[in-house]
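Participant: Residue strings, one per chain:
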Amino acid sequence: DTAVSQTPKYLVTQMGNDKSIKCEQNLGHDTMYWYKQDSKKFLKIMFSYNNKELIINETVPNRFSPKSPDKAHLNLHINSLELGDSAVYFCASSQLGDTQYFGPGTRLTVL
Amino acid sequence: GIQVEQSPPDLILQEGANSTLRCNFSDSVNNLQWFHQNPWGQLINLFYIPSGTKQNGRLSATTVATERYSLLYISSSQTTDSGVYFCALGDYQLIWGAGTKLIIKP
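The listed protein sequences derive, respectively, from chains A and B.
Terminal number for the first sequence in this note's numbering: 111, no gaps in between.
Terminal number for the second sequence in this note's numbering: 106, no gaps in between.
Rather than coming from a laboratory, the hints here were simulated on the basis of the structure.
The structure displayed is predicted, hence computed values, not measured ones.
Do not rely on the hints blindly, as some may be mistaken.
[Said to hold, decoys possible] Pairs of lysine-lysine residues, derived as DSSO-like cross-links and limited to a Cα-Cα distance of at most 30 Å, are as follows: (1) K44/A with K19/A; (2) K54/B with K41/A; (3) K105/B with K67/A; (4) K54/B with K9/A; (5) K105/B with K52/A; (6) K41/A with K105/B; (7) K36/A with K54/B; (8) K71/A with K19/A; (9) K40/A with K101/B; (10) K54/B with K44/A; (11) K36/A with K101/B; (12) K22/A with K105/B.
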């Protein structure tokens with residue numbers, strides 16, 4: 001009965017590849033988020049969707065493209081991976097403006 | 001934009017000790033949350049506390065919005081309390097502090 005799930009948990013890939021991370025929530029929330037946590041543990045919002053509509057789109061390279069097929073899913077696709085993309089990516093969900101619940105994270109390593 | 005500062009950056013305590021973590025912010029907001037990131041990386045929401053005081057077991061939090069700070073209290077620390085504690089605030093977009101790294105020694 002996992003509330004927010006992400007797959008895969010670990011992702012190791014070569015520079016230049018394209019990869020996707022999937023996120024699903026079963027909490028009935030209307031808002032989902034993608035965060036990036038760097039090696040110094042600093043967390044930064046990347047995107048947020050509310051009812052499948054993009055509401056937050058921070059300054060991230062356009063190689064990153066979120067897709068929300070429905071309210072329960074928010075996937076992150078990354079093209080042409082670079083070394084600097086290595087980080088832990090967290091998905092989260094909430095009712096808009098309310099407590100956020102996080103997935104377990106996906107550790108991306110670009111070689 | 002909103003600035004969020006947490007102190008101390010690091011804290012090492014013996015099991016059983018009490019601790020107070022502080023979060024200062026630069027602008028009034030409606031939404032402040034405290035999170036714990038355990039040593040395995042999982043982020044767990046502790047409190048949603050835009051104002052007032054809340055308690056959950058050995059943990060409690062107080063936010064004084066008019067003075068732009070929030071405090072997280074941990075009493076009778078256990079080794080499982082180790083990890084990084086973050087405060088984050090905002091309306092639609094959370095702005096995160098840099099965290100307080102807490103190590104509880106047995």
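Participant: Does each hint hold? Answer for all of them.
Facilitator: Now the hints, each set against the structure:
1. K44/A with K19/A: The given pair, whose Cα atoms are some 20 Å apart, holds under the 30 Å limit.
2. K54/B with K41/A: Holds - the C-alpha atoms of K41/A and K54/B are around 26 Å apart, at most 30 Å.
3. K105/B with K67/A: Violated: K105/B and K67/A sit about 43 Å apart, past 30 Å.
4. K54/B with K9/A: Not satisfied, since the Cα-Cα distance of roughly 33 Å exceeds 30 Å.
5. K105/B with K52/A: 45 Å, violated
6. K41/A with K105/B: Holds, at about 22 Å.
7. K36/A with K54/B: 29 Å, holds
8. K71/A with K19/A: Since the Cα atoms of K71/A and K19/A sit roughly 22 Å apart, the hinted pair holds (cutoff 30 Å).
9. K40/A with K101/B: This hinted pair holds, its Cα atoms lying about 11 Å apart.
10. K54/B with K44/A: Given pair K54/B, K44/A holds - Cα atoms ~26 Å apart, limit 30 Å.
11. K36/A with K101/B: With a Cα-Cα distance of about 19 Å, the restraint between K36/A and K101/B holds, given a limit of 30 Å.
12. K22/A with K105/B: Not satisfied, since the Cα-Cα distance of roughly 37 Å exceeds 30 Å.
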